[in-house]
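From first to last, the protein sequence lines are chains G and U.
Residues in the first sequence are numbered consecutively from 10, following the working numbering.
Residues in the second sequence are numbered consecutively from 10, following the working numbering.
Relax, there's no trap hidden among the hints.
Note that the list lumps identical chains together, so a pair holds whenever it fits in one copy or between two copies.
EDC-like, lysine to aspartate or glutamate: derived pairs with alpha carbons at most 20 angstroms apart: (1) Lys-231 <-> Asp-249; (2) Lys-117 <-> Asp-48; (3) Lys-211 <-> Glu-251; (4) Lys-238 <-> Asp-178; (5) Lys-231 <-> Glu-272; (6) Lys-231 <-> Asp-78; (7) Lys-117 <-> Glu-138; (8) Lys-125 <-> Asp-47; (9) Lys-211 <-> Asp-249.
Honestly, the hints are just simulated from the structure, not real lab data.
The lines below spell out each chain.
Number of protein chains: 2
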Amino acid sequence: MNTPVKVGFLGPKGTFSQVAVMKYFGSTFELLDCTTIDDVFLKVEDGSINFGVVPVENSTEGAVNNTQDCFIDSEVRIVGEEVVPIEHNLMFSATADTENFNAIASHKQSLAQCRKWLQENYPAVRFIECTSNAEAARLAKNDASIGAIASELAASIYGLEIKKHNIQDQYHNRTRFLVLSKFKAAPTGNDKTSVLIYTENKPGALFRILEPFEKLQINLTKIETRPSKNQAWAYVFFIDFEGHTEDTQVQGLFKRLDTCTAEIKILGSYPISHS
Amino acid sequence: MNTPVKVGFLGPKGTFSQVAVMKYFGSTFELLDCTTIDDVFLKVEDGSINFGVVPVENSTEGAVNNTQDCFIDSEVRIVGEEVVPIEHNLMFSATADTENFNAIASHKQSLAQCRKWLQENYPAVRFIECTSNAEAARLAKNDASIGAIASELAASIYGLEIKKHNIQDQYHNRTRFLVLSKFKAAPTGNDKTSVLIYTENKPGALFRILEPFEKLQINLTKIETRPSKNQAWAYVFFIDFEGHTEDTQVQGLFKRLDTCTAEIKILGSYPISHS
Numbered sequence: 010m011n012t013p014v015k016v017g018f019l020g021p022k023g024t025f026s027q028v029a030v031m032k033y034f035g036s037t038f039e040l041l042d043c044t045t046i047d048d049v050f051l052k053v054e055d056g057s058i059n060f061g062v063v064p065v066e067n068s069t070e071g072a073v074n075n076t077q078d079c080f081i082d083s084e085v086r087i088v089g090e091e092v093v094p095i096e097h098n099l100m101f102s103a104t105a106d107t108e109n110f111n112a113i114a115s116h117k118q119s120l121a122q123c124r125k126w127l128q129e130n131y132p133a134v135r136f137i138e139c140t141s142n143a144e145a146a147r148l149a150k151n152d153a154s155i156g157a158i159a160s161e162l163a164a165s166i167y168g169l170e171i172k173k174h175n176i177q178d179q180y181h182n183r184t185r186f187l188v189l190s191k192f193k194a195a196p197t198g199n200d201k202t203s204v205l206i207y208t209e210n211k212p213g214a215l216f217r218i219l220e221p222f223e224k225l226q227i228n229l230t231k232i233e234t235r236p237s238k239n240q241a242w243a244y245v246f247f248i249d250f251e252g253h254t255e256d257t258q259v260q261g262l263f264k265r266l267d268t269c270t271a272e273i274k275i276l277g278s279y280p281i282s283h284s
Numbered sequence: 010m011n012t013p014v015k016v017g018f019l020g021p022k023g024t025f026s027q028v029a030v031m032k033y034f035g036s037t038f039e040l041l042d043c044t045t046i047d048d049v050f051l052k053v054e055d056g057s058i059n060f061g062v063v064p065v066e067n068s069t070e071g072a073v074n075n076t077q078d079c080f081i082d083s084e085v086r087i088v089g090e091e092v093v094p095i096e097h098n099l100m101f102s103a104t105a106d107t108e109n110f111n112a113i114a115s116h117k118q119s120l121a122q123c124r125k126w127l128q129e130n131y132p133a134v135r136f137i138e139c140t141s142n143a144e145a146a147r148l149a150k151n152d153a154s155i156g157a158i159a160s161e162l163a164a165s166i167y168g169l170e171i172k173k174h175n176i177q178d179q180y181h182n183r184t185r186f187l188v189l190s191k192f193k194a195a196p197t198g199n200d201k202t203s204v205l206i207y208t209e210n211k212p213g214a215l216f217r218i219l220e221p222f223e224k225l226q227i228n229l230t231k232i233e234t235r236p237s238k239n240q241a242w243a244y245v246f247f248i249d250f251e252g253h254t255e256d257t258q259v260q261g262l263f264k265r266l267d268t269c270t271a272e273i274k275i276l277g278s279y280p281i282s283h284s
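Model the full assembly from the supplied sequences, consistent with the hints where possible.
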């Protein structure tokens, strides 16, 4: 008998994290909505889920610091990535009077992302800030005088009807999610590697990290800085680059990096998403 | 007749931003509490305040993204920096029964920063999350059944009595603030320069930016990445380094950088704070 594969994500049900799960895994898995990003990491580590899906970066808002900070203390590996376009929809319960309602509920960030459209269409409406879009959908489900701004998935989960699709002001807003596991992903020939680098707190330290990438012509796709937590004004670097840890060229990179840095933690090699 | 110099900060009155203002300017200036970071930038630009003070980085939480993003569209200059230790205190109104109260109010982040102390001393107390510590102090002022966690300055502004000083779990938590103006700061021989660099979205672009720093032995003290806003997954870099734009060496740096980057925006040169 097969035990179903369990996938955990940042809940509640109907969030864009769940949209990422469905896009990456399809719908044949057992889903578990976790309450925090830390909780997703913990449940992957203790084996109560096989995979975890967490947001790591939004194309407008930037890095999700909480996810980056979790990697500092965790031993989970990144085995995949998924990019989800952030599309907002105005939805109501089936019994609502959609011309005449009291308030629109959503997460603060989503309300901000639809600000222009809301000003043009509902200049006088009251807004209710919720902890997530999915929570707003749940609220609209239980109160016909409230509309919600949320994903199509949330509409389908909470049985709401979409009055207007794609009301976000900006059409290129996307969020990148990471797929976490306790295992490693095999090379596919089209991979990316994420590492965390602790440097010496000395002049030129960052330059000396980047030099081997340039020498070996390894394409660095992203660099982020976070506080080291051990010492005020010391930093760790999160770096993504093209290639897999099993590639000869990447192994050469690690050899060169060994001579110039305090510590490298490999977070994982995984197939590049092209969406 | 002299018009008093006006200094705006991220309010309300009693925040750590005001602590930074008092530390940097003393108390002889006219103070204006602004409701948002964007508002501080706008008021400096339109001349309704002479200086603005905004948080830019916390030693534990990292960069204040909102402040960084404001620099992308604003023409204000950085003329100074101030570092403030984040010290939390438990305070009550003079009429409160400090052994027997209903709740403790503070900003979510401050409650998290005192979590261990609160668990040891008040394991069963109810918490009220406020939009700022100063708002929590105002609440405690008006309700003797509520304690607040806030700065000494907030206690003095709202007339509260401190029951316990320095209850934060971590003693090295500090926030760096920037002083903004429409003018430039003259060289002092001990300066730092902040710039914003838009690179080409090409392999090796960051390395080519850092190479001139290394060649000229200019000490790069900080680098942060933010989304460019023009294009998904393109980035701008916020870089701090030692030296003043009027130094010959720094002018040499800009000449070299000109050949390898799309655009450099100088945010300001200012005396280094050693606290």
